[in-house]
Amino acid sequence: MLEINNLHASVVDIENSEILKGINLKVGRGEVHAIMGPNGSGKSTLANVLMGRPDYLVTDGDVTLEGESILELRPDQRAHLGMFLAFQYPAEIPGVRPWQFLKAALDSKAESRGEDKMSVRNFSKLFDEKVEAVGINPNLVKRSLNEGFSGGEKKRNEMLQLEVLQPALAILDETDSGLDVDALRIVAEGVNSMRSPERSFIVVTHYQRLLNYITPDVVHILVKGKIVKTGGPELALEVEKDGYQEYLEAAGANA
Amino acid sequence: MTNQNTISRESDLSGGEYKWGFVTDVETDLAPKGLSEDIVRLISTKKEEPEWLLEWRLKAYRHWVELEKSEAEPKWAMIDYPPIDYQDIYYYAAPKGTNEAPKSLDDVDPEMLETFEKLGIPLQERAALAGVAVDAVFDSVSVATTMEKQLGELGIVFCSFSNAVKNHPELVKKYLGSVVPYTDNFFAALNAAVFSDGSFVYIPPGVKCPIELMTYFRINTEGSGQFERTLIVADKGAYVSYLEGCTAPFRKTSQLHAATVELVALDDSEIKYSTIQNWFPGTKDGEGGIYNFVTKRGRADKNAKISWTQVETGSAITWKYPSVILKGDNSVGEFFSVALANNHQQADTGTKMIHIGKNTKSTIVSKGISAGKGSNTYRGQVQIMPGAENAVNHTQCDSLLVGDECGAHTVPYIEVRNPTARLEHEASTSKVSDDQLFYLMARGLSEEEAHHMIITGWSRDVIKELPFEFALEASQLLKVSLEGAVG
Ligand SMILES: Nc1ncnc2c1ncn2[C@@H]1O[C@H](COP(=O)(O)OP(=O)(O)OP(=O)(O)O)[C@@H](O)[C@H]1O
Ligand SMILES: [Mg+2]
Numbered sequence: 001m002l003e004i005n006n007l008h009a010s011v012v013d014i015e016n017s018e019i020l021k022g023i024n025l026k027v028g029r030g031e032v033h034a035i036m037g038p039n040g041s042g043k044s045t046l047a048n049v050l051m052g053r054p055d056y057l058v059t060d061g062d063v064t065l066e067g068e069s070i071l072e073l074r075p076d077q078r079a080h081l082g083m084f085l086a087f088q089y090p091a092e093i094p095g096v097r098p099w100q101f102l103k104a105a106l107d108s109k110a111e112s113r114g115e116d117k118m119s120v121r122n123f124s125k126l127f128d129e130k131v132e133a134v135g136i137n138p139n140l141v142k143r144s145l146n147e148g149f150s151g152g153e154k155k156r157n158e159m160l161q162l163e164v165l166q167p168a169l170a171i172l173d174e175t176d177s178g179l180d181v182d183a184l185r186i187v188a189e190g191v192n193s194m195r196s197p198e199r200s201f202i203v204v205t206h207y208q209r210l211l212n213y214i215t216p217d218v219v220h221i222l223v224k225g226k227i228v229k230t231g232g233p234e235l236a237l238e239v240e241k242d243g244y245q246e247y248l249e250a251a252g253a254n255a
Numbered sequence: 256m257t258n259q260n261t262i263s264r265e266s267d268l269s270g271g272e273y274k275w276g277f278v279t280d281v282e283t284d285l286a287p288k289g290l291s292e293d294i295v296r297l298i299s300t301k302k303e304e305p306e307w308l309l310e311w312r313l314k315a316y317r318h319w320v321e322l323e324k325s326e327a328e329p330k331w332a333m334i335d336y337p338p339i340d341y342q343d344i345y346y347y348a349a350p351k352g353t354n355e356a357p358k359s360l361d362d363v364d365p366e367m368l369e370t371f372e373k374l375g376i377p378l379q380e381r382a383a384l385a386g387v388a389v390d391a392v393f394d395s396v397s398v399a400t401t402m403e404k405q406l407g408e409l410g411i412v413f414c415s416f417s418n419a420v421k422n423h424p425e426l427v428k429k430y431l432g433s434v435v436p437y438t439d440n441f442f443a444a445l446n447a448a449v450f451s452d453g454s455f456v457y458i459p460p461g462v463k464c465p466i467e468l469m470t471y472f473r474i475n476t477e478g479s480g481q482f483e484r485t486l487i488v489a490d491k492g493a494y495v496s497y498l499e500g501c502t503a504p505f506r507k508t509s510q511l512h513a514a515t516v517e518l519v520a521l522d523d524s525e526i527k528y529s530t531i532q533n534w535f536p537g538t539k540d541g542e543g544g545i546y547n548f549v550t551k552r553g554r555a556d557k558n559a560k561i562s563w564t565q566v567e568t569g570s571a572i573t574w575k576y577p578s579v580i581l582k583g584d585n586s587v588g589e590f591f592s593v594a595l596a597n598n599h600q601q602a603d604t605g606t607k608m609i610h611i612g613k614n615t616k617s618t619i620v621s622k623g624i625s626a627g628k629g630s631n632t633y634r635g636q637v638q639i640m641p642g643a644e645n646a647v648n649h650t651q652c653d654s655l656l657v658g659d660e661c662g663a664h665t666v667p668y669i670e671v672r673n674p675t676a677r678l679e680h681e682a683s684t685s686k687v688s689d690d691q692l693f694y695l696m697a698r699g700l701s702e703e704e705a706h707h708m709i710i711t712g713w714s715r716d717v718i719k720e721l722p723f724e725f726a727l728e729a730s731q732l733l734k735v736s737l738e739g740a741v742g
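Chains A and B are the protein sequences, given in the same order. So that you can map any letter, position 117 of the first sequence is 117 in the working numbering, and since no number is skipped, the others follow by simple counting. Basically the working numbering = 1-based index in the second sequence + 255.
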């Protein structure tokens, strides 16, 4: 489904700011990949570059979705192809209701595919259902999008969007951080219930405990802009126990 | 003058996305260009006005001549435009055959009905369905007032100003100039001298007007000025919600629009006045467009309330300060505004709240959006007079910048002459952030849709004050007006 080949990326307008230093990654259809790594190693940058954030410049390499390069596509076009990023820090949009926003997102996707828009009534039903499923306080979704939401509420709101939009490839950037135990279970249940042979996930996390609920097919360790190790679920346990020191030293020695 | 070609949205190369820029091909009755006592007399004669009104116009004209001599055209606003040649303007332009106000819709020129249809203004029976009564002013003359009869049964008068002068002279005489005297300012004097038509509303004591009243203004003739005058009187305990909409064709020359609106809210009454102003803003390069110099003021008596809500997206220049004189005890004044300045547009707008009565309360919410090379200034004045015990004002002024070449300014004046007053002022300036844009785009919205969503969301506190259909229209207007500013 997704193939990343030798991906190099730096910050637009800043010289020598390379953050991603040759990432290689293949995510097959229906697979769940976990990415772990120390703070500042480039996990969010990778997630954002995949989604097309204009702050970053891809200097080398390629990313393909179903065999087609997506690097020239705008973020909205990538979304229309079925990509989704659950943000580590979701933006606050004053005066815009989550309902209105999600309906617009769904409509734009339908439109880009030449499909009919969902009726307001059907959408309302779906929305209410999902609000309940992800355990968001219904009063919250009457407020402005993310404005004044607590950290955990923002994350639940990202899950709400994920469940409504049903993307083909979902990238979750630390959606489990800052969540209480119940919320963590909701995130995990959400992902598990959406897991299907057709849908792939990239889950960025610091905590092995999420992986107790979501069993990944593959775990990658990202250090200083490179994937330094790839393995099965047991790799997460190892990291939890030993930390990243050995990888950092190895990466340091190589640099 | 009468054989102008229709400039459609599609064939318009440089006018950006202004889609109200067509010209209607109707024969026009034009007075010669320029302003003189003779022109004032001519206008008055054309309209078969009584002597007292002609006298009033002439006094206004002479006052204006003095102001013009002493160069009293206001210069304090943060707007910049070449000097206006007041002798190079048509002061009277009427579609032929409408000197006589039409008696019914059947008498209205079909071309004109079509024009208003194109603008989405319901003049036919649709008006009744939509629950809106419409008066339409085309160039200088009112062409149709729908539902006059139905309203008449409630004793409500909603008609063109000219008709009001003919049929309700005592009301007009009593209130004309009572809130905005012709001595008020340069443009008010000019308007008083040459105003050609506008709307008149009277709501009798205790009557709540059951439908929205709407006036639609359209400038059609090239080189003509438009000087409407609107007078709304809500008698004791009455209520009315009134809306005005404005458009003009696409032109490379600038056109002057100097209107006056007076609101009189007697004891315990309420007037809600909403404006969607979408005059032609000029081309992307700053050619043409409407100079919109408007004086709007209301007087609120005891327990009365006046609300101004405006969405100002058009005009090359907007100079406009809808104000409330809070004369009666416990009276309330509100001002909700979204003003957008894109490309080379300049907006200097705000309000004045003058607290005279006790326990008077005013609220100001101003949202200024600047894009392109647009310049947007909020200019507001809150005045607490010595007798205004316990006056309260809350002012919130927000500016939003789209891009790096635009400007936003806030100029609040506060004058407090009673120590019991309580005033709060909040101000903020923000930019549409890249984070917000990326967030929305990552969910599938185009850059334009994302901007539109951020901007209407940001303007929500004002837009929600508009009647429902107009809220939708306002949101669409914001979208269209921003085209070209993003992407
Ligand atoms: N737009 C930017 N401008 C400048 N530096 C940036 C930018 N984006 C990322 N960086 C830098 O790149 C490095 C990687 O950041 P990134 O956010 O990808 O880390 P991360 O692995 O997600 O960390 P965390 O676990 O703390 O979320 C950091 O040093 C960060 O400061
Ligand atoms: Mg991160």
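No lab work stands behind these hints, which were simulated from the structure alone. Backbone N, C-alpha and C fix where the C-beta goes; we use that ideal spot for every residue, glycine too. Please note that a few of the clues may not be correct.
[To be verified] Below are the DSS-like pairs computed for lysine-lysine, each with C-alpha atoms no more than 25 Å apart in a straight line: (1) A:142 with B:557; (2) B:628 with B:527; (3) B:527 with A:103; (4) B:719 with B:527; (5) B:527 with B:463; (6) B:557 with B:628; (7) B:429 with B:404; (8) B:582 with B:539; (9) B:324 with B:301; (10) B:734 with A:117; (11) A:142 with B:719; (12) B:686 with A:142; (13) B:428 with B:330; (14) A:103 with B:719; (15) A:103 with A:125; (16) B:288 with B:314; (17) B:429 with B:582; (18) B:628 with B:463.
[Unchecked claim] Calculated Cβ distances over 10 Å to all of chain B for the following chain A residues: (19) 57; (20) 65; (21) 84; (22) 144; (23) 145; (24) 196.
[Claimed, not checked] Here chain A is said to cover these stretches of chain B; the calculated rule only asks that three of the stretch's residues, wherever they fall, bring their Cβ under 8 Å from a Cβ of chain A: (25) 341 to 347; (26) 631 to 642.
Hint consistency between residue 103 of chain A and residue 125 of chain A [alpha-carbon to alpha-carbon, up to 25 Å]: 12 Å, holds
Restraint check for residue 429 of chain B with residue 582 of chain B, where alpha carbons must lie at most 25 Å apart: Satisfied, since the Cα-Cα distance of roughly 18 Å is no more than 25 Å.
Restraint check for residue 428 of chain B with residue 330 of chain B, where alpha carbons must lie at most 25 Å apart: Roughly 32 Å between the alpha carbons, so the hint for residue 428 of chain B and residue 330 of chain B is violated.
Hint consistency between residue 557 of chain B and residue 628 of chain B [alpha-carbon to alpha-carbon, up to 25 Å]: 44 Å, violated
Given coverage of the stretch 341 to 347 of chain B by chain A, checked by CB-CB distance under 8 Å (3 or more): It is violated: at least three residues are needed, and the stretch 341 to 347 of chain B offers just 0 whose Cβ sits closer than 8 Å to chain A.
Restraint check for residue 628 of chain B with residue 527 of chain B, where alpha carbons must lie at most 25 Å apart: 33 Å, violated
Proposed proximity, residue 557 of chain B with residue 142 of chain A (alpha carbon, max 25 Å): 37 Å, violated
Residue 324 of chain B paired with residue 301 of chain B [C-alpha distance capped at 25 Å]: Violated: residue 324 of chain B and residue 301 of chain B sit about 28 Å apart, past 25 Å.
No chain B beta carbon within 10 Å of residue 144 of chain A's: 7 Å, violated
Straight-line alpha-carbon gap residue 429 of chain B to residue 404 of chain B, limit 25 Å: 24 Å, holds
Pairwise hint evaluation, residue 142 of chain A against residue 686 of chain B, where the allowed Cα distance is 25 Å at most: 24 Å, holds
Pair hint outcome, residue 628 of chain B versus residue 463 of chain B [Cα-Cα no greater than 25 Å]: 44 Å, violated
Of the hints listed earlier, those the structure fails to meet are numbers 1, 2, 3, 6, 8, 9, 13, 18, 21, 22, 23, 25, 26, in rising order.
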